[in-house]
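Asks: Take a look at the letters that make up each chain.
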Amino acid sequence: MLIEMKNISELMIDLAYSSLIYNNREIAEEVKYLEEKIDETYYRIQEEAIRQAVEEGNVSKALVIIRLATSIEAISDSAVQIADVVLRDIEPHPVIKESIKESDVTITLGKVSERSVLANKTLGELNLASETGMWVIAIKRKGRWIFGPTENTVVLPGDILIAKGPLEGVKHFKNLCSGRDRTI
Amino acid sequence: MESVKDLLVDIKEKSELIVDLAYSALIFDSEDMAREVENLEREMDDLVYKVRIKTMLAANNIKEAEQLSGILQVADAAKNIANAATDIVYLLDLDITTRPFLPSLFSKADEKLHVVMVSDKSGIVNRTIGDLNVEAETGVRIIAIKRGKGWIYDPEGDVRIKSGDILIIRGTEDGYKFLDRVARGEESWD
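Chains S and V are the protein sequences, given in the same order. In terms of our numbering, the first sequence is residues 1 to 184. In terms of our numbering, the second sequence is residues 185 to 374.
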């Protein structure tokens, strides 16, 4: 559960920064939605840790786990704080977008079309990270999230891929998703 | 003095690095890495303070102030991330008998942080990170290098990989596996 919480919080940070790049409300709303997931998980972790502490008569493990979960919760709150800038009805200052774009790593989204060469292949087969520098950190499929896709995860038409990598890789990645570029 | 943009680039990158380093400090039970997290947090405080001053000086009217407040909010959020990361490494200050399970909490199931040992047979020995273009080629980012007893954090492009280096990397499973084979000398880089 703690790992799940960590993975979600990291995705939230990535999404929050990318919502600023694209001034995209939809991505920002997604960050808020994930915050609800975090809160649920946080609650379950605390409950579980305390239950175990009572059963085993040992508080220290529960204490460490709860403190860790509290920090992860604080990280995800910060992601919401970032995304909130987009959710106000004021266009974010252009300098924000520029600075995040200029950072070593950027985040992008691509919707996989029916005719994309990525469709119906596993991430392992595609080897996108080595070929394009963009690595898929999460997939949104029919309203649900796959947080830690592995090399066995199959990309399906309609998937929204969230990828991280250098700015130079973004265009090619998006074109691969849309089907415009036919070779990886 | 740096521009707000440069400061924000730095703030954003540090906010990401500090979280990776904080988890790594737990996984490797490294006091040394924990101290680096604390240093980064102090640097972050300083950067955020600079952004605050610069931003306040830039507002001429309400509209600008509204837009600029977004910058302050992002900077502040990044600082909160740094604070949370520092709280994570404070767990290492607890008595070891109360936290023996800590390294295993993340190390086994974490798909993102990995360790790679560079053998003297590897083709990347004596090449710089920039020349190898590691991130663009593999999708893997080197967040720290353990060399001898010391650490190099967030190595720049001009850092040369040496035989015996231990690389702490963040990235996908396939990027990691490729880099691991190359580092062992089982596959060539190019």
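Check each hint, because a few of them may be wrong.
In silico DMTMM-like cross-links for lysine to aspartate or glutamate, where the CA-CA straight-line distance does not exceed 25 angstroms [claimed, not checked]:
{"hint": "1", "chain 1": "S", "residue 1": "Lys32", "chain 2": "V", "residue 2": "Glu250"}
{"hint": "2", "chain 1": "S", "residue 1": "Lys97", "chain 2": "V", "residue 2": "Glu248"}
{"hint": "3", "chain 1": "V", "residue 1": "Lys296", "chain 2": "S", "residue 2": "Glu55"}
{"hint": "4", "chain 1": "V", "residue 1": "Lys234", "chain 2": "S", "residue 2": "Glu131"}
Read the hints as simulated data drawn from the structure, not as lab findings.
Asks: Work down the list of hints and note, for each, if the structure agrees.
Replies: Hint check results:
Between lysine 32 of chain S and glutamate 250 of chain V the alpha-carbon distance is near 22 angstroms, which keeps this suggested pair within the 25 angstroms criterion. About 16 angstroms separates the Cα atoms of lysine 97 of chain S and glutamate 248 of chain V, which keeps this hinted pair within 25 angstroms; it holds. Restraint check for lysine 296 of chain V and glutamate 55 of chain S: the C-alpha separation of about 33 angstroms exceeds 25 angstroms, so the hint is violated. At roughly 39 angstroms between alpha-carbon atoms, lysine 234 of chain V and glutamate 131 of chain S are farther apart than 25 angstroms, so this suggested pair is violated.
Checked against the numbered hints above, the structure breaks hints 3 and 4 and satisfies the rest.
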